[in-house]
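J.: These are the residues of each chain, in order.
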Amino acid sequence: MGKSILITGGVRSGKSRLAERMTLGLGQPAVYIATAEAHDDEMAERIAQHQARRGPEWHTLAEPLDLVGALRNSDSGAPRLVDCLTLWLSNLMLGDHDWQTASDALAAAIPELSAPVVFVTNEVGAGIVPENALARAYRDAAGLVNQKIAAACDELWLCVAGHPIKVK
Amino acid sequence: MGKSILITGGVRSGKSRLAERMTLGLGQPAVYIATAEAHDDEMAERIAQHQARRGPEWHTLAEPLDLVGALRNSDSGAPRLVDCLTLWLSNLMLGDHDWQTASDALAAAIPELSAPVVFVTNEVGAGIVPENALARAYRDAAGLVNQKIAAACDELWLCVAGHPIKVK
Amino acid sequence: MGKSILITGGVRSGKSRLAERMTLGLGQPAVYIATAEAHDDEMAERIAQHQARRGPEWHTLAEPLDLVGALRNSDSGAPRLVDCLTLWLSNLMLGDHDWQTASDALAAAIPELSAPVVFVTNEVGAGIVPENALARAYRDAAGLVNQKIAAACDELWLCVAGHPIKVK
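Residue numbers (full-length UniProt numbering), protein chains in the order written: chain A, 1 to 168; chain B, 1 to 168; chain C, 1 to 168.
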């Protein structure tokens, strides 16, 4: 069974950079599984920045919804980096998919993978309760997804100002 | 003097589940002191979910305001779980009670209890400054209450994606 | 080279108090470099509370923008406490200064200081994505500034409910 790692933290806390280092430390070349879709200019700019930082040791796949499929299809030795679970959850919720079933399936698939995988997610639940009901539902869902994937992974790290704290 | 523990973390970070495990580890049956009031359907649903998860080893008390009274009246051996301090603070502020005096009194009462107590609270101060002045006042108050109760307790834990970090 | 420390955490998590203790532990008297400007009554009140807590062992400087200059001009032995970087970033952004150049310059200056310095900053990126584009830009910038200064400092601490976690 391949090693599985979850990295969480606030926005711009250095999670992606840490995840890239950890993934390349597990083997090279590596596979970058991007869950982001470029819906607007701000997001397109952020995706471009992330890609510019990664070098030729990465092969990139885009998979906004079917992470279990993407992980099984790429399960041939090279480590995978999934960036990130909160965007994946957004894609599921905006497309009216059943995120609870999807996240249970992902958690169940992790221990059966043979190549390593590193997941990036976000802490979104440490602010004031949002006034918007959809935002409240999303942050509840994000917290539950993080718990499920953290329980399934071998390691859990919290990133603070670019530095990791090992939680599990 | 009974052991006293404070557990904090973001929403849906697994705090309540951790608190239940810790409380039952201190003795069974245990007393669940709920500070929540079911003001609306969303909150009623959340309370029902929490209750469904707890089993017959729990005796439930509802106390939205007088936590010192509830802890003294139930101070006969069984461990207590107070869930949660941020809702208690909300109840105090919405009812125009003096939350500073109330939280000082709670902090002063903790070392005098003979049975154990586990408190759950929330991290609400790690987002952007809210535009709403009441929300700003609430998150300041929540931070101060968390500091006071943490100072009075024997242990402080931060919950991240379902996993605890021991802070104190 | 003087010791350099960065302390981060949510609002009202006890960062300033911890920073004051750590600074005085590095030498007395100490210099308090305040980045806050009293734009409104709420902020004036907060500044007054902070000043009232500090005693005669502090010499206070106000410097909303030029932190590199303030640190070099006060670099004669006594430890400095800079409170805080997120207000400094706000001042830079509101005044249309180039915060990226300014924060690179600050990070580069830190290893060249001969007296110790303790910086306080805020975690602002662990809530829901703000609807306001300026708030999103600010929390991204704050995360990047925190990473840069954390990388330049000898120590990094996360404050939770008044208690520190050593991250670096």
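Derived from the structure by calculation, the hints contain no laboratory data. Watch out, some of these pointers could steer you wrong.
Given that identical chains are not distinguished, each listed pair holds provided it fits within a single copy or across any two copies.
[Said to hold, decoys possible] Straight-line distance between alpha carbons at most 27 angstroms, and here's what the computed BS3-like set of lysine-lysine pairs gives:
id	residue 1	residue 2
1	K3	K148
2	K3	K168
3	K166	K148
J.: Now tell me, hint by hint, if it's right for this structure.
T.: Hints, one by one, checked against the model:
In the homo-oligomer, the alpha carbons of K3 and K148 lie at most 27 angstroms apart inside one protomer (16 angstroms), although the nearest pairing across protomers, at 30 angstroms, exceeds that limit. When the C-alpha separation of K3 and K168 is checked against a cutoff of 27 angstroms, the pair qualifies both within a copy, at 13 angstroms, and between copies, at 25 angstroms. In this assembly of identical chains, K166 and K148 lie within 27 angstroms of each other by CA distance both inside one copy and across copies; the values are 17 angstroms within and 21 angstroms between.
Violated hints for the displayed structure: none, as all numbered hints are satisfied.
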